[in-house]
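With the hints as extra help, turn the sequences into a complete structure.
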Amino acid sequence: MAEHPSIVFAGTTDGSSVLDIGEYEKAGGFTALRKARALSPDEVIAELDASGLRGRGGAFFPTGRKWSFVPKPDQLPKPHYLVVNADESEPGTFKDREIMLRVPFRFLEGCLIAAHGIESQHVFIYIRGEYEREFEVLRDSLEAMQKADLLGGVTVVLHRGAGAYICGEETALLESLEGKRGQPRTKPPFPAIAGLYAAPTAVNNVESITTVTPVLEMGGAEYAKLGVENSSGTRVFSLSGDVVSPGNYELPHGISMRELIYDIGGGVPNGRELKAVIPGGSSTSVLTDADIDTKMDFTSLVEAGSSIGSAGVIVIDDRCCMVQLGIRVSQFYEHESCGKCTPCRVGTRWVTQILQKIEDGRAAQADLDLLLSVCDRIMGKCLCPLGDSDAIAVLSYVDKFRDEYQAHIDLGRCPFDGESSLDGILAPSDMHAHHGHETAHV
Amino acid sequence: MSELVHVTVDDREVEVPKGTGLVEAAQTAGIEIPVFCYEPRLGPPVGACRMCLVEIEGIPKLQAACTLTVAPDMVIKTSATSAKAAEGQEATLEFILVNHPLDCPVCDKGGECPLQDLTFRHGPGNTRMTFQKHTVDKPIPVSPLIALDRERCILCYRCTRFSEDVAEDGQLIARNRGAHTEIATFEDEPYRSPFSGNVVELCPVGALTSTLYRFDARPWDIQNVPTVCTGCAVGCNTSATIREDKVKRILSRNHPEVDQGWLCDKGRYSYPHLRAEDRITTPLRRGRKGLTEISWDDALDEAESMLREAGSSIVTAFSGSETTEVAYALGRLLRTGLGAHSAVLPEATSDALEAFRLPLSGIAKAELVVVIGDDPVVERAPIVDLWIKEARRHGAEVVVCSPTGTEKTAPGAGAELCRELAAGRSALAKKLRASERAVLVWSGPGGGGGARLAELAHELGFAEKPGCGAFHLPSASNPRGVALGWAVAADADETNPEPIELLFVSGDDAASNADVRALAERANRVVVLTMFHELAGGWADLILPSTAALERDGTSMNLEGRVQRIRRAVLPPCPDELAWISKLAARFGVGVAPHAAGVFSEVAAELYRDLTLDDLGGHAPLPARHAYVAPAEATTLDPAESPSGGLKLQRYTALFSGPAVERVPELGFQRPDRDVEIAAGDAASRGIANGDSVLVRSNGTSVELRARVNRKLLEGVVRVAEEHAGDLHPEVEVTKA
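If you read the protein sequences in the order shown, they are chains A and B. Each residue of the first sequence is one higher than the one before, counting from 1 in the working numbering. Each residue of the second sequence is one higher than the one before, counting from 1 in the working numbering.
What the hints contain is simulated information worked out from the structure, not anything from laboratory work. We put the beta carbon where it would ideally sit given N, CA and C, even for glycine. Check the hints yourself; a few may be wrong.
Partial chain B-side listing against chain A, Cβ under 7 Å, derived [what the hints assert, rightly or not]: (1) G58; (2) K61; (3) K84; (4) I96.
As structure tokens, this is what we get:
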């Protein structure tokens, strides 16, 4: 197995962490911050542009360009905000938590560099509510940095979410941070112009921000040499599912799926056949064993008909019923739909119901057509990408495994006959039961 | 003129001002982009319902038109020319209808329902949904006035946005998430806001319905009569829905300068008082056996003889809510016919503010709003409160100088404050003088009916600043119109007859006014014109049944000085005032037209020559500013705070009070609680906690009330609603019961 550079997790080995500020500094920590503070904000952004770093949250938007959209303080004399999206909740994605647990100073150093880049004095880290330990590590690390007088006048606020996937959507996150109901805003205006408290705001993912530190350490041009064209640098892949060694692996973009799953992940356990791979978190289109030599970078995955998304790679072996997978994924989006826009609120529920009918063997041919039509009617019509995510995923399952869906209809039952690997781990049907509220008594 | 942008909507090219929304741009081109959640009056668009999806050339995905503004040479394709947009709109409707019950035949909204209309135009012909629809308990009483059907709700969030962003009461909320999202009130408390009824009108489906209108009419068997609300001096434009000669509901009728289409619950829900049980329709005369019903012929004979006996020794007590025409006609009868020139109104009036006239919508554009006076704006002129809130949302500074305001001032200190601000030494005075967009509001008794405020505005140079204005919020709906109508009816100075041979009490508000009752004690005989037996039964010698505003024709002058037309929505159960005043006047040799149109032309000839009744029927215009005429100087000072040790009792007239409100049981929950508001310090020093039972005492009389600790209230002052204040004197003491 070839050695791969450790960029995000630099300074750690075999899952170790650097939680002591002295140790971090001794190993060269905060040099990037000092270097950045010696540069003008524009020069910092220029380094980011040169690095080719693109957003690791899933949208892959160039980080430097995002920052350049934030007006200069003299152009828009309002407070400027950096908001870090640490509300990691995409099924199959668990990289940010490991970054925050193992290299918290590298992450926080990146926050301060980014704040300098957009000339912000206020950093908000919106951390997923369930991330208890991660929150404590960040809190302790921040305290240590404050004692070491490293914050440079910047206020860093750790804000804990309350368990809503939608708050990972940047505008819903901003609403939630402002104390409102976590629902996406319409764009425009974009957060760069009117974000948190209607002021200029950059919203970045934890891994993106952590990568800012090595970009400054190495220099943008040097960083850009890693990875492949359009997808520079390394990526923390979250490998999960039917694989021998699941976990987070930092690898250069462009590594093949085969290398990732077989060489690094140890392949499919118990000699089973690889059936499908979800390459970038549950919202990306499924690929099959035929796609196993696809390179794990932005362009290659788009060409393969999917997306790198959040680089959460879910390996699926031949025991899995793809209708059940559809139900599981659709239930998730139905449950997490914020309820603001119609197609998502109604459509995700309807999709789950049709899938359940197919799985139960009650469906007719027309139901399969209806499923595709409903997905189609969700696609591209919602306020934010949540509804689309459900439709994209389910459409891809039907597209790639049409025969299996057809078999459910033809046989009038699930062909796996109770033997699917997802049997029994589907969310219980009453998970979504309405917890009745007292009604108004007047 | 702002920059114009050229856009194409379907096959039509239009030029619209930069910043125009796509829905409005399409409208300019004569093309409708259908919407549910979009409502510009509620603030920025939310893009929730997805009904307005359109195709925009160069953008692959369909776009929500309501969230976008025009860009140069934008090409917008609606469902008329884009199959993709048509499919998108059909998809939205299909999703909306998935859980919407098809109970249109029993739904109040059926026949005037945007969802019905848009489904016919853009929706699918049948349903592909075969699963059980989402069902919940219904209807839920959001309040005694509003029922919520959560199955019909399409979650457009109009109601919650109104509550949060317009009324700013924050009571209506969405709770839960996704498919389980539902509209509710916070903690399931009743939605108690002066503006709650607006959400019924905003609802684009039958999810929020009025309990007073539920199952009462269908849109095809009603008529809507355009009229004007007389609940307060704002004069909100309304439509009265009529079915079988009965008023079934009141709707707003958007006058963009006056009300913006909002209406308070008093204006919206008071109409059932027309059918109150104690309404009188036959005249009553006091005899040896008490009050007995008499015929109208007898009543007119009786009135004639009473008037003849009294001669000029008559005092007329107006409510201030009469039409200008009725005031004029009474003036012709009593002044011209009998030489009885003495009349009283509940509050002073002044014409001096005409020099600083501004449409109410001008408040929203202000950068500085200064409210002076003892009463909260919402209690006197609720819609003005919404205009001020809008100004504040736009960034205006709002300074309220009152016992409960941002600047604590003692009761009755408003006139003195005006003089101080005119002298210009304080920071606020300097800001007022420097501003090009400042608005002054007098909200409370005293102040010479706006005269003191006019002196201040004059001193500040407001007459030369078109963005600045000053408003007086009177307690009645048409005091200026009544005063003017009375004044032009004859040319003679007021006399103060002593003794008062006859007191003529005009209307319910006058009949329930304590000062008028006191005057009646001094009068030998009393004639009361009223709708309700209870208001006059004990003290009138002759009771003449009166009509309600919804049963009258005429005009009313609102607090801007705008003359608006009131239309008769239903026939009154008794003769119209003008009809019998005309008959009675004829017996004294005075000619008065027996109908509003005729009287109006007489009044208009004197007062507003350039106006015709037709001008006032739709959206009445605001007359131009007049030159400033200095008002008479204050003859008496407003009662200032007395220095002695007790607490100063401030009696206030709550918005939800008065003879009409009291006769609508559904409005009961809106009426003031039996509370005494007390400042935090005063409560603490007396060992009183919020919610405690307390005795409010003065000079041997006492009332038991519940203490409400008001942290905004000036120390030394307690507030009690008029209807709960009993016989308390201005100085009180409060102790734990």
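Now the hints, each set against the structure:
Look at G58 (chain B): its Cβ only gets to about 15 Å from chain A, farther than 7 Å, so that hint breaks. The interface hint given for K61 (chain B) is met, as the beta carbon of that residue sits about 4 Å from the closest beta carbon of chain A, less than 7 Å. At a threshold of 7 Å, the smallest CB-CB gap from K84 (chain B) to chain A is about 9 Å, leaving the interface hint violated. The restraint placing I96 (chain B) at the interface with chain A holds, with a minimum CB-CB distance near 6 Å, inside the 7 Å limit.
Hints 1, 3 from the list above are not met by this structure, while the remaining hints are.
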